[in-house]
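Just so you know, the protein sequences line up as chains A and B, in that order. Quick note: the first sequence, position 249, residue 248 per numbering that gives the first Met the number 0, numbers continuous. Quick note: the second sequence, position 251, residue 250 per numbering that gives the first Met the number 0, numbers continuous.
These aren't lab readings, by the way, just hints derived from the structure by calculation. Predicted model, so just to flag it, every value in this text is computed and none were measured. No residue lacks a Cβ here, since even glycine has one placed at the ideal position from N, Cα and C. Some clues are possibly wrong.
[Said to hold, decoys possible] Restraint ranges, calculated between C-beta atoms of paired labels, are given here: (1) A:Thr197 with B:Ala208: 34 to 42 Å; (2) A:Glu143 with B:Asn16: 30 to 38 Å; (3) A:Arg69 with B:Leu161: 53 to 61 Å; (4) A:Ala184 with B:Thr191: 50 to 58 Å; (5) A:Glu191 with B:Thr201: 23 to 31 Å.
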Amino acid sequence: MSATPNASAETTSPLPENGGLSASIGRTVFEGLDGAREIYGVFVRTLYYLARARTDRDAVIRQMYEIGNRSVFLLTVVIGFIGMIFVLQAGLQMQRVIPDLSMLGASFMELLVRELAPTIVALMLATRVGAGIAAEIGSMVVTEQIDALRMCAADPIDYLVKPRFIACLIMTTILTLWSGGVSVASGIVTAEVIFQVTPRTFWNLSLVHASDVVTGLTKCVAYGAAIPIVSSHCGLSTFGGSEGVGSATTRAVVQSSLAVIVLNFFISSAAFIAFK
Amino acid sequence: MTKMFSPIHGAREGLMNLAATLGQMGIVASQISRRLFRLDFDREELLRNLYKMGVKSVPIVLLTALFTGATMVVQAAPIVQRYGATQLLGWGAGFGILREVGPILTALMISGRVGANNTAELGTMTVTEQIDALRALAIDPIAFLIVPRFVAIVLTLFLSTLYADAVALVGAAYAGQALVGVDPITFYNGLTSDFMGIADVTNGLVKSAIFGIAIGLASCTFGTKVTGGAPGVGRAVNATVVASAAGIFVVDYFVSFILT
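Build the full structure now, drawing on both the sequences and the hints.
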């Protein structure tokens, strides 16, 4: 049994370890609130440096390449399949209720702009970029490079988090536009091949209103801001060697995906109420 | 950025990497299934992993399911209102949750929390030569480490999807009441209408089992193939989450297409 690494890198908490269900719920809630406050702190400091300090343009471009260009392949594969899955499932379900599939394309476009493109892109970026950012910053923490930065009077938030924040904000929007295009293409092909809906019928923007575009873009910006902040925070709070880097990466993926899902709910319902 | 960008070269590199990874996964899969048929694996390790992966993921899965269910209602509401049939809300949100969104989002969260963690753990053991130490003690690392983890991941995802579906439907019902003004009773009636059947539930569960196999294979393969110290572990974790995410969506399409 000694082969199993025993330090599972759980955060130590002042509350007793065994206290039944209510204690564990309470512990989870308190830890969650603490984490949220720290993430908020990172966000505010990023905004402060964004307004106050000079931005290193080369670093931003490097991060844009790292975050954007290197995610294109993954996103193209995933979102292409999403288009196919959506058209297949929605078409089959619509056939059960209304035999007319002429509105399939219009509903697809509407949901794509408002929901699918930004959210799926953000979930994929949360896994790929979130894990990448946390692993990179986390290994800098355990090799004491962050301390070295502080010694040089460079705040890691200014030097490391800000370029990633700007790059992610820009690239999320661009990748969402690209992914929208890809999934429309794959949706058109699926509709033509499986349901014999011609591309001309499928390409129907009558249900896409300005409010849907605004909602989609709001989501892009919110996700693009949340992912780098949450995963940088996970990277900066790394402790305990290479195992710590692994667990920071895991936390970054989980927390940034969760942030995307929660933000999605709030933005969607706000939009639903506002644009009703 | 210093590297020249050449699409043909990149595509060739990518395809070769893909083929190599799939081959490695195939080897790991055959090694796992051989021990699984002989029931040659460590049961205590399986229970420990089930606790660590399954029980500890409950809060995240619950939170994800609750918000996802609510979001599905918000998205389905305009479509349902347009056709003027609130009793269709249960159907609209229900088939989406049971067939696609429930299994996919649970799989994404489990792959992030469990698959990545498993890779990090196996990777750390690989780079610190603990797996070689096991072999030196004549303990089969596949039967002792890999098979229990693989089985635990598949079971965790399957069981999590079961309750995530239920929680997502509850979240959807009450979000429907709060935002759209549809009574939860109407919502549940919509779920049991003629448009839906047991096939919608089993479809999603079959998917979750297949996603579990994909995540487990990716995580165990990348975890045992780590090279190059701590940064290597980070790279392996990254590769696992990316491969699992892409795998989930690709597999999902084909399973949806076959099962319909």
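These are the hints, each one checked on the structure:
At roughly 37 Å, the beta carbons of Thr197 of chain A and Ala208 of chain B sit within the given window of 34 to 42 Å. Hint check: Glu143 of chain A to Asn16 of chain B, Cβ distance near 33 Å, so the stated range 30 to 38 Å holds. The hinted range of 53 to 61 Å is not satisfied by Arg69 of chain A and Leu161 of chain B, whose Cβ atoms lie roughly 36 Å apart. Take Ala184 of chain A and Thr191 of chain B: their Cβ atoms lie about 38 Å apart, and the range 50 to 58 Å is violated.
Evaluation of the 23 to 31 Å hint for Glu191 of chain A and Thr201 of chain B yields a pass: the beta carbon distance comes to about 30 Å.
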